[in-house]
Amino acid sequence: MPSQVRVAVTQAEPVWLDLEATVSKTCHLIAEAAANGAQLVTFPECWIPGYPAWIWTRPVDMRLSSTYIQNSLKIDSPQMASIQQCAAEHNIVVVLGFSENLHNSLYISQAIIGSDGKILTTRKKIKPTHMERTIFGDSFGDCLQSVVDTSVGRVGALSCWEHIQPLLKYHTYAQREQIHVAAWPPLFPHSEDGSLFSMSSEGTSSIARTYAIESQSFVLHTTTVIGQSGIDRMATHTGALMSTPGGGCSAIFGPDGRQLSQPIPSTEEGIIYADLDLEQIYHSKAFVDVCGHYSRPDLLWLGVEGGVKRHVRDNTTTAAAQVEQQEE
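According to the UniProt record's numbering, the sequence shown is numbered sequentially starting from 1.
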């Protein structure tokens, strides 16, 4: 495993609600990142086929919801295979945020694809946030395992306000990630109109910085740009959120919380690069390790139910075995 890792954090706009076109743009960005020496590239929440911004304007839009289902990404699909092939061709780790279509139910999902093109893990957001529940379902217990070994170290991922879930964060810290990908939708500066600071670009950057400090990992804060084409496509111009162009505030934070990157203007697309020295993690760990020497598991611990509860469960075998035991 290298001690120096060059990473690429995208700040880009998808081709809204268009699966094929956004997959094509994804591969273009992967190739661009690799051409600039990156060993890992990240994409934001629901990058494919774009975050469903209309939900913050109106909770029901059957036409757009139907389009969204049809353009969401299936894990076992030619489109995902294209992204995997692109990762392998360019020898780069890809952390992809996407709307997952699983039998036409949707989930806010992330995939970590190795530099050989193999999917190392996929996960679903454990609980969609507020209006997201009009579109997306909850995750399963196996999605708690969100950190994997890659060619650039241990890489993990969470989406959006999962970064304010203390128990989930601690469970992720305990998996010993070195590089963490924080996927977000378009984010905007805070205004004094009653909106939550915690949903603003400033608030979420603070959340990312805190995650880095608590986990002693590098955090790749990855956001989406929404332009006039997205606003028009989803008719969000009168909405509470994502009603004006902007939303980009991608950044990279070190394991002590310092920002390692310069911002790109919020309305502009681009890729942020940084050369990470993984040995910096040791400097932070020497002072604090909330899952190690700076913890008291004899006093406080976290319980986890990591199983998958199936919708249909065949208890025939178990019932027959119980009858047989009673007859004996």
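Just so you know, the hints here were simulated from the structure itself, not pulled from any lab data.
Quantities reported herein were computed from a predicted structural model and do not represent experimental measurements.
Treat the hints loosely; a few may be bogus.
The calculated lysine-lysine pairs, modelled on DSS-like cross-linking and capped at a C-alpha distance of 25 Å, are [said to hold, decoys possible]: (1) 309 to 127; (2) 25 to 118; (3) 309 to 74; (4) 169 to 25; (5) 118 to 74.
Derived CB-CB ranges, DEER-like [to be verified]: (6) 258 to 315: 50 to 56 Å; (7) 1 to 189: 34 to 40 Å; (8) 176 to 267: 36 to 42 Å; (9) 60 to 287: 46 to 52 Å; (10) 269 to 190: 43 to 49 Å; (11) 277 to 315: 49 to 55 Å; (12) 229 to 192: 40 to 46 Å.
Virtual Cβ for every residue (Gly too), placed ideally from N, Cα, C.
Could you check the structure against the hints above and give me the numbers of any it violates, in ascending order?
Violated hints: 4, 10 and 12; rest satisfied.
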